[in-house]
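Enquirer: What follows is the residue order along each chain.
2 protein chains.
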Amino acid sequence: MFDSGVGGLTVARAFMDQVPGFDVVYLGDTAHTPYGTKSPGTVTRYALEGIRFLLSRGAAMVIIACNTAAGVALDTLSAHFQLPILDGIGPAADHAVKATRNGRIGVIGTRTAVDSGVYEKRILAARPDIRVYTRSCPLLVPLVEEGWLKKPETRMIVKDYLRPLKVRRVDTLIMGCTHYPLLADIIQVKIGRRVVLVDPAAALAEHAGAFLDRNPTLAASLPKNGRLQVCVTDRTDRLQATAAAILRRKVDLTVVQL
Amino acid sequence: MFDSGVGGLTVARAFMDQVPGFDVVYLGDTAHTPYGTKSPGTVTRYALEGIRFLLSRGAAMVIIACNTAAGVALDTLSAHFQLPILDGIGPAADHAVKATRNGRIGVIGTRTAVDSGVYEKRILAARPDIRVYTRSCPLLVPLVEEGWLKKPETRMIVKDYLRPLKVRRVDTLIMGCTHYPLLADIIQVKIGRRVVLVDPAAALAEHAGAFLDRNPTLAASLPKNGRLQVCVTDRTDRLQATAAAILRRKVDLTVVQL
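Protein chains in written order, with the numbering used here: chain A, 345 to 602; chain B, 345 to 602.
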């Protein structure tokens, strides 16, 4: 599993809950984080290095937890590597297409992910009549990383960001960044109680489970000791605390150089 | 001149205003930005690479605009390279020591810079009787980079951060990060009208001018066409806009790989 930081551990948790048993090597590229403000070229370069590392650790399948990396680098990565690479954008788009009743879907994400236009592309490929409204929310990742989950400032900022999507009367909202589900309560209040929130982490975990079901030979070949190893390219006390909060248990971050 | 991003262009502007004529090669390490949330070891590694690049471009003197890099890496850098390396921490500390009347100095900065304890160390070395109160303000850099300079949310967050320093009745406040002077108006209101704000960019530019005065042989050997070349390790439209806003003119960012 590859992510730009430790936020993608939400995906690791969902995957290990839904598809128990498989060993997971997680790489959080915390020396280069955040990806959401960097250029597609640079993000692609980092993702290539990250997946090379996972291959060197014996990965036979890669899950990209980071939607920014998936949004800008997936084509390059798929062309570059032979192994299956799964991401949350398609599954979240499919989920949203199924959920919407009025044909108006909102997407929030990092600037780089939103600018890539990848969500619109996937949604419109499935249902060209749907209207997609996107909004980049660059301050939400720092707010979550500061642990400001309940502060009035956070509520105001979320409200600011969601206003244009609310005006467009979206009835389904994709929370297109691993950090956003931690703000789901506030997002739900500000976008409206009846709006369906789509969490790509859950959609991706489900998608990965289905993929393994469809590929029993691959699934049978994978080690199944239920182990999670969390590697990072930079380690601080705060990252350690965030990782433990997401996994709801103590966790040792192993520092690796790419 | 070395910085973690384009925020240090405030230092470049101050330097070129106060000490006109010298050619400046500026490197903003935007592929790895921000430094303020990363570990001292990783920041030191990035700073070593950055200064190696500046040497390869013929630099004969280096100004470190980034207080996080200066705070954690200066000793390593000075041991590693022969050329003079100047930073803003000493000059800002000296300025604050001169300015305080009640012996209570506040310092705001990134988490890594504040945790390094470098401001306290420099202030207490000059005047052991002074009380230093520090506060890390991790959300201010993202807020400035989003251009949220006048928003009510920004005012609330600044007030939150400054409250403990205000309670301690500091009469002098070091804005220990290149981005903070862009919030100087709000900071002044929230910390109190009578508190002296110290801008390390200005202190550093003055210090560099004085250093060149004291080293006329070095100063005479430097090219003086008044040119500024701005190199970055990653380029986006937003960085281009921020750089232009700080320099108050159009600027081409040259992408380089370290």
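Bear in mind the hints are in silico, worked out from the structure with no lab data behind them.
Model, not experiment: these values are computed from the prediction.
Don't take every hint at face value.
Each pair may be met inside one copy or between any two copies, as identical chains are not told apart.
[To be verified] Okay, derived cross-link-like pairs now, SDA-like style, lysine to any residue, Cα gap no bigger than 25 angstroms in a straight line:
id	residue 1	residue 2
1	Lys465	Thr580
2	Lys494	Pro364
3	Lys465	Leu399
4	Lys534	Arg455
5	Lys510	Ala588
6	Lys594	Glu490
7	Lys534	Ile429
8	Lys465	Arg389
9	Lys495	Lys534
10	Lys465	Arg479
11	Lys495	Lys510
12	Lys503	Val488
Enquirer: Hint by hint, note whether the structure agrees.
Expert: Outcome of the hint check:
For the homomeric pair lysine 465 and threonine 580, the shortest alpha-carbon distance between copies (22 angstroms) is at most 25 angstroms, but the shortest distance inside one copy (37 angstroms) is not. Taking the shortest Cα distances, lysine 494 and proline 364 never come within 25 angstroms of each other, neither inside one copy (32 angstroms) nor across copies (49 angstroms). Proximity of lysine 465 to leucine 399 under the C-alpha cut-off of 25 angstroms is found in neither arrangement, the shortest distances being 29 angstroms within a copy and 45 angstroms between copies. In this assembly of identical chains, the alpha carbons of lysine 534 and arginine 455 lie at most 25 angstroms apart only when taken from the same copy (20 angstroms versus 30 angstroms across copies).
Proximity of lysine 510 to alanine 588 under the C-alpha cut-off of 25 angstroms is found in neither arrangement, the shortest distances being 34 angstroms within a copy and 33 angstroms between copies. When the C-alpha separation of lysine 594 and glutamate 490 is checked against a cutoff of 25 angstroms, the pair qualifies only within one copy, where the shortest distance is 19 angstroms, while the shortest distance between copies is 34 angstroms. When the C-alpha separation of lysine 534 and isoleucine 429 is checked against a cutoff of 25 angstroms, the pair qualifies neither within a copy, at 34 angstroms, nor between copies, at 50 angstroms. For a Cα distance limit of 25 angstroms, the shortest separation of lysine 465 from arginine 389 inside one copy, 23 angstroms, qualifies, whereas the shortest one across copies, 39 angstroms, does not.
For the identical chains of this complex, lysine 495 and lysine 534 are neighbours both inside a copy (14 angstroms) and across copies (19 angstroms), given an alpha-carbon limit of 25 angstroms. In this homomeric assembly, lysine 465 and arginine 479 come within 25 angstroms of each other (Cα to Cα) only inside a single copy, at 15 angstroms, whereas the closest approach across copies is 44 angstroms. In this homomeric assembly, lysine 495 and lysine 510 come within 25 angstroms of each other (Cα to Cα) both inside a single copy, at 21 angstroms, and across copies, at 20 angstroms. Both within a single protomer and between protomers do lysine 503 and valine 488 lie at most 25 angstroms apart by alpha-carbon distance, with minima of 15 angstroms and 19 angstroms respectively.
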